[in-house]
Amino acid sequence: MTRLLRWETVLIGLCVVVLGYGTIGVDGFGEAAHISFLLLDYTEVALLAFALLPIVLTGQIDLSVASVLGFCSALTGKLWDGGMSFETIVPIVLVAGVVLGAVNAVLIVRFGLPALAVTIGTLGLYRGLAYVVLGDGAVTGFPENYRPLATDAIAGTFVPYVTVLVVLVGVAMAVLVHQSTVGRALYAIGLGEQTARFSGVRVRPIMMSLYLLSGVLAALASLVYTLRYNSARADNANGLELVAVAAVLLGGVSIFGGRGTVLGVAAALLAMAGLRNVLFLGDVSDEIQNVITGALLIISVLVPVAVAAVTRRKARSHLRRTDEVPLR
Amino acid sequence: MRTLPAGREMTIVAALAVVVVVTGIVHPSFVSGQGLHDLFLNASIIALLAVGQTLLVITRNIDLSVGSVMGLTAYLSGQLFLADQNTPTILVLAAGIGLGAVCGAINGALVAIAKVPALVVTLGTLYVFRGINHAWASSTDVQQVNAYQMSPDFLSFGSGSVLGIPNLSLIALAVLAVVAYSLHGYRAGRELYAIGSNPDAARLAGIPMGRRVFGAFVISGALVGLGGATHAAYFGTINASVGTGRELAVVAAVVVGGVAIFGGSGTVVGAVLGALLLTTITSALPVLGVPAFWQRAVDGAALLLAISADRAVLVRMAARLRARQHSIRSGR
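Sequences listed follow chains C and E, in order.
With our numbering, letter number 249 in the first sequence gets 249, and the count goes up by one each step, no holes.
Convert by adding 328 to the 1-based position in the second sequence; the result is the number in our numbering.
This is chain E alone, in the form it adopts within the complex (with noise of 0.2 Å):
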């Protein structure tokens, strides 16, 4: 079982050096310091994204709603320097966590509490955290909050780097780092894990599982509006439609870095190594001649061709499994 894991991630690192010596010796700047600098500042947003979803999935959960909430929080960030723009940045960046972790506390009480299923609640959550985005934009007549409107200790903190690695990768390194640690040091990470892979024996076993769930989806929010407000911060454009469709790309990246839709396995490391590959690709497909239009495509085909990878790896080792146990049985 250990070795299943650690195989996906090897898979993804490989596939991730074909993609990028390939579009590297086609465009050799792909690959520079430069090139690659931009790459992890692209796959850090959504890493950060995957980490929280990867804990939801993991439960047996999921939250369609990632891509509402980064815009909401990131509608939040321009909101607070329109209403004063010197705010501080750390303040903005505290602001962004604490409406998504109000907005995954939501999703989580409907989900935990009234034990109405993930798909619909954050299927639902989708169109009205979206509407309320809208509407706090319509209502104030504050269709774009630009960079210049913003402090430029928030837009340097957003573009900035430290000994050559971006900010925001260093943010969602540090975040990958702790959860990761957490999924497997402490207790309430492995009960996650219990929890995805049998709810009836992890209640049997007495883990609080509404509590869980429920703090899975307030972290994975405090995440999502981390990811919301440093996305304000990297592009210094914020409207009010941030993030629409961002659900795909994250449900994409948890499920190609091997996190198992149906709960149970996966961890943080292949998540956040999905995103990485499936930024990349997506970076490469314009250098390589392919046009922008391709991405949803792409992310769609890299999700199917992850779940059917892992269904064919599942059905040949199911039938090893039985060769074996017949072979014993055979006395051989």
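Excised from the complex, chain C in its bound form (with noise of 0.2 Å):
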């Protein structure tokens, strides 16, 4: 638990210093007009990886977020060019979410197939269908009075609407994750399904809702892609998985599950879009972001395995100080 307090105090104080960087050495960043930017930027992103986070946390993943995303976005771009209100379309997008994450849900849990398999194929279905919906053409034109919702800060100060979402859906997580029952069943799956399952946990009902959640998240972010940028295309979001389980496991959630805190993904967030933000003012191009961005998800796996060796090293010099024979 110490060390797991002290992974997020070292991510809560990268925050600080990107965003202390930005705000002294980088001319703009500190405008309001910019805060608004760089919250905005991550709103997707943000509620992927909440999607993500009970999920990987009980030692599974799901990649087709990002394919969902762009399913609905098609979807609602199709549904909106048929001339379809914008009321109807939404509890139909959601609906369409909770779908493809029952696909997901069905796949890996009632037939016990490998998460990342399925989800690899589904990534690949589900971009597949947002073509097969939408072809290669774009829709825009969306309804000028919701747009604002996902472009605008609420008057007078620099938060954007969208970003009380993504607080919202951040606490109601965090109230899940570490207030619940279920919170903690989720723990005990990642930690080891079968144990959790002789200790009464209801291990498949628990999955299969956060494949469901996960889709009506992804769904949600896809509304919120879709009118920000004002265009439903069928590659909207396409690869944004990456971001977001670069996000997910930064915050410290460990990819072999059991353990993570919203915090820490909440952190990890805030210090990958104040990156981002710095790095685009100055003037750095989205392909090096890129590259950063797989580099920080490669470095943040890469440094609790480095801690948990030097750890076990000295664990087992210990040991065998005291004359026993380690087992493993």
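These are calculated hints, taken from the structure and not from any lab test.
Take the hints with a grain of salt, since some may be wrong.
To be verified - If you want a taste of the chain C side facing chain E, the calculated C-beta under 10 Å gives, among others: (1) A130; (2) L242; (3) L296; (4) I298; (5) V301.
As the list claims (entries may be wrong) - Per the computed footprint, the stretches of chain C lying under chain E, defined by three or more beta-carbons under 8 Å from a beta-carbon of chain E, are: (6) 108-121; (7) 302-315.
Glycine residues also receive a C-beta, built at the ideal position from the N, C-alpha and C atoms.
Each chain sits in its own coordinate frame; assemble them with the hints.
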């Protein structure tokens, strides 16, 4: 537990460094407009990361989140193009997200197939279906009365409306993960699924609902994405799963499950958004930013593994000194 | 156990036959000499990647960065021709293999030495290698290399054939033969199965796991590099986004080919047949009047179908075993 706290302290320190450097060293970073931009830019990533967090806590993964977003965005475009009102589209798209999540849930939980293989498959399938629905064109011209919700800040402040949504989802997730029985069950499943089942945790229903939740959040993210860019395309958010996975792992969530906090992921998201904005204002190209995100992902896993290796070596030498034979 | 992979390979061949025959009936030119020639040519590059990926999946690892490595090595081929249009073909291929092996070594080092899960490492390097590719393109301001800038020798190698069999297919078949033999004929090859089957047991049995996994990544990277260079030779047009999204097709081919995603079983022959089946379906779609948009969806669906079918077979086999055990115990 102390090490976890330390990892989050490191992250918050990183946030302070990035944001502090941005405010002092980069022109325009501290302006209200740019803070809004920084917060807005990571809205979808944050929603996807919060969707991924509980799944990764149980030791599984969902690589299809960005494809669910893409499909829902394409569906929004198709329905809007067909003349449907936006108020009707919203529930339909959310239900579509649930259905796509349910397909993952059935294949992984009901049939017991490996989550990695299934979600690589649905990553392709959903993205493919997005193209089937909308082709490679774009639909624009979404309603003027809803678009400000995804692009503007609350009057008089620099906080965008969607950031409030992100914070609400984050707080709800924190309550679910850290304050509820289900949350404790997530850690139990991640540390040992069989043990959890024998301890009376209803593993299957919980796992099922996590994938449904992931579908809903991805659908919600798609609505924000579509309105924010005022564009529905089949390739929307292509590859965004990487950034979401990177945020979750950088946030100190173990890829093997059973360890991680919402606070850590939130701090990681803020640090990454700040870094991206610093790089953006420093005229660093998108390509190099991708290199940095990829490297961050690897480093975020490398550091805990290295720390664990050092601790294990210490423990082992300690064991040797006390003349015990380590079993592993 | 022996019959299961063979059964899988026969199933793929049967599925392949169905697709080819049905498409051939609708559109006879699909099964003409030229049609089959194109079919094998299209499958050759993805087959090279599938052979490499199989080595990794057998050891319970995965490489999602294949598309990016392929793009990077293909782009290298283009850059070599811009530097000197008369670069010998063999040198371009060697450079591709070399750069691919370096990328594989980076992945392998992170996985085998630093013990970071392959999924995370290669998801990261997918973006790192692709980003380097784009950065290279924008720093040299070479967004595209076209056929007229490459050597005629290289292009004729890419589209040429010997006795009616495309050069690229011959390369893929040669690689397949060598790797298929090595996996069963050499100790190191068999050890890959042991590692994937049960890592703890493999370690206790004294198998140098780190070295084997690292080696598998380097060989796989080299094959992807060869795939990138041959892609350049075949298509003659190279930009910084060659191979984007290829990882899905490769993983799908391997899994459809019967290589278990949790390691320890599967053959390279199956993986290559899987690649051939998926490419054939992809080429058959437009002929059958299905829009090309369906390709990604089909790859994904094929992957899901294959793992579901495997699971069903496994469940039924387990039930049969239990029934037999039961009948033995009850003295019948």
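Now for the hints, and whether the structure bears them out:
Below 10 Å, beta-carbon pairs count as interface contacts, and C:A130 has one with chain E at about 9 Å; its hint therefore holds. Proximity of C:L242 to chain E holds as hinted, the smallest CB-CB distance being about 6 Å (cut-off 10 Å). Taken as an interface hint, C:L296 checks out: its beta carbon lies about 8 Å from the nearest beta carbon of chain E, inside 10 Å. Restraint check, C:I298 versus chain E: the minimum CB separation of about 4 Å is within 10 Å; hint holds.
With 10 Å as the threshold, the beta carbon of C:V301 comes within range of chain E, its nearest partner Cβ sitting at about 5 Å, so the hint holds. Beta-carbon proximity to chain E at under 8 Å applies to 9 residues in the stretch 108-121 of chain C; the threshold of 3 is reached and the given coverage holds. Counting residues of the stretch 302-315 of chain C whose C-beta sits closer than 8 Å to any C-beta of chain E gives 4, which meets the bar of three, so the coverage hint holds.
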